[in-house]
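Asks: Each protein sequence line maps, in turn, to chains H and F.
Under this note's numbering, the first residue of the first sequence is numbered 1, with each subsequent residue one higher.
Under this note's numbering, the first residue of the second sequence is numbered 1, with each subsequent residue one higher.
One thing to keep in mind: the hints can contain errors.
Claimed, not checked - To list a few chain H residues with every Cβ distance to chain F over 10 Å, as calculated: (1) W9; (2) L16; (3) R63; (4) Q70; (5) T113; (6) S124; (7) L146; (8) I154; (9) K158; (10) G167; (11) I176; (12) L192.
Stated by the list, open to error - Computed footprint of chain H on chain F; a stretch qualifies when at least three of its residues, placed anywhere within it, have a C-beta under 8 Å from a C-beta of chain H: (13) 17-30; (14) 62-71; (15) 157-170; (16) 182-189; (17) 202-216.
In case anyone wonders, no lab produced these hints; they're calculated from the structure.
From the three backbone atoms N, C-alpha and C, an ideal C-beta is built for every residue, glycine too.
Chain by chain, the residues:
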Amino acid sequence: MSFDVAYLWAQVPALLRGLVMTVEVSAISIVLSIIVGLLGAAIRMLHVPVLRQVAAGYVEFIRNTPLLAQLFFIFYGLPTIGVTLSLFWSGVLSLTLWAGAYQMENIRGGLETVVKGLREAAFSLGLSPWRFFRLIAAPLAVRVALPAMLNTSISLLKNSSYLQAIGLTELTFVAIDRISMDFRTLEMFSALCGIYLTLVLVLSLFTNRLAYHLQKPFRV
Amino acid sequence: MTILINNLPFILQGLTMTLGLAAVTLVFATIIAFVVGTLGATRIGWLRAVTRTYVEICRDIPLIVNIFFVFFGAPLLGIELSPFAAVTVGLSLWGGANGAEIVRGGLEAVPRHQSESAKALGLKGWEIFIYIIGPQALRSILPPFIGLLTLVIQSTSLGALVGVTEFFRVGQIIIERTTLMEGWNPAFTVYGAVLLIYFVICSSLTWFGRRLERRMRRESKGGGVLNATLVEAAPTLP
């Protein structure tokens, strides 16, 4: 079987539609998961009584169960007890919950390295715990944790391909769908690999720019 | 709850399949990891480049795509792969790439003076590797490898997508069957139970890995010569 460029060219519109969906679902989930991570890290750093244990349990649970099972639980399991989410938002929710746990650990790691004597200093200046987290700890921790957070975001982007299992028409779904009709396996997979590698690269470049930008105030 | 008890033999069969799949994958992934990781830690330029390319490609492509590629791509080469074999190959390639990074990190974390002292004492290249570098690297390699194992166990659930009747697929089948035969949908209970069982298996492994890591760290602190720093590199997520 030879490599058919014309065929691939004809599939570009379909692949582009899938790509848009992949980017959309990943972008929303990345933003939401970072928010979840920040909140969780704040809860655990400030020793909020019950919520702290909940956050720790949540991280353990997410890290020790397969994403596929989490996804199916949210998409097929929750509706049977009356919580129905659309296809798209089920996907966003599962990716957010999954990556949120990892982001929380990343940010916590960042907090541990920067916040040693800072807390006492801030409290003696009269800052409330929440303002200390928001104004001092979080900005510093995020700068330290940025590489790890990038890794998690890349994983999230790659794992958005899990959503093809529940039928969201993202990139992988489109490709597999075409393959099962036209059997042009090689063409489709090279396209998939190319696109995913590019996406990962773009995301890394973007994060590098962001890191550069964030470091500006500290550069002499 | 009763559906779970009624389907117990079926569930156990699925669990066996999952653990079997994970075990076979682990064997192949470990072999790939040690070969590729060792080659990647050498100072031979083109070898490093080749292993680097393999590792990067396998890690940057979604695991699902990887497995589908093996599943749909093997017939193009004229190879008939059963779903089980396809998943094993796909997971092993992926696990091997992640393991190779762990192995390479472990080998490179052994301080340079170790091999230099060994060379000064007149040990041959392979002797240095087997008696000096290897044992020291192993203690920093083992804990992250257990992390990789839990990821492999979790990822075997992808077998359900290409038709391996492993634990997750068993859950799906039970749901379909109950919906058809009894007219109600037990998705919440069954998927909840599936999540819990995965959690029990993987978290006990994680716990064991953490204990091992603490022990290794303690030992290497007191061990004088054996002061290879533990690799931080947790395997990247599926």
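Asks: If a hint holds in the structure, say so; if it doesn't, say that too.
Replies: Comparing the hints with the structure gives:
1. W9: It holds; W9 (chain H) is separated from chain F by about 21 Å at its closest Cβ, greater than 10 Å.
2. L16: holds, 17 Å
3. R63: Contrary to the label, R63 (chain H) does not stay out of reach of chain F, its closest Cβ about 7 Å off (not over 10 Å).
4. Q70: About 7 Å separates Q70 (chain H) from the closest Cβ of chain F, which leaves it inside 10 Å; violated.
5. T113: Correct as stated: the minimum Cβ-Cβ distance to chain F is 12 Å, above 10 Å.
6. S124: holds, 33 Å
7. L146: holds, 16 Å
8. I154: For I154 (chain H), whose nearest Cβ neighbour in chain F is about 8 Å away, the distance does not exceed 10 Å, so it is violated.
9. K158: violated, 4 Å
10. G167: Nearest chain F Cβ is 12 Å from G167 (chain H), so the label holds.
11. I176: Check fails; 6 Å does not lie beyond 10 Å.
12. L192: violated, 5 Å
13. 17-30: Check failed, 0 qualifying residues.
14. 62-71: holds (count 6)
15. 157-170: holds (count 5)
16. 182-189: holds (count 4)
17. 202-216: Per the Cβ count (3), the hint holds.
Violation of the numbered hints given earlier is confined to hints 3, 4, 8, 9, 11, 12 and 13; the remaining hints are satisfied by the structure.
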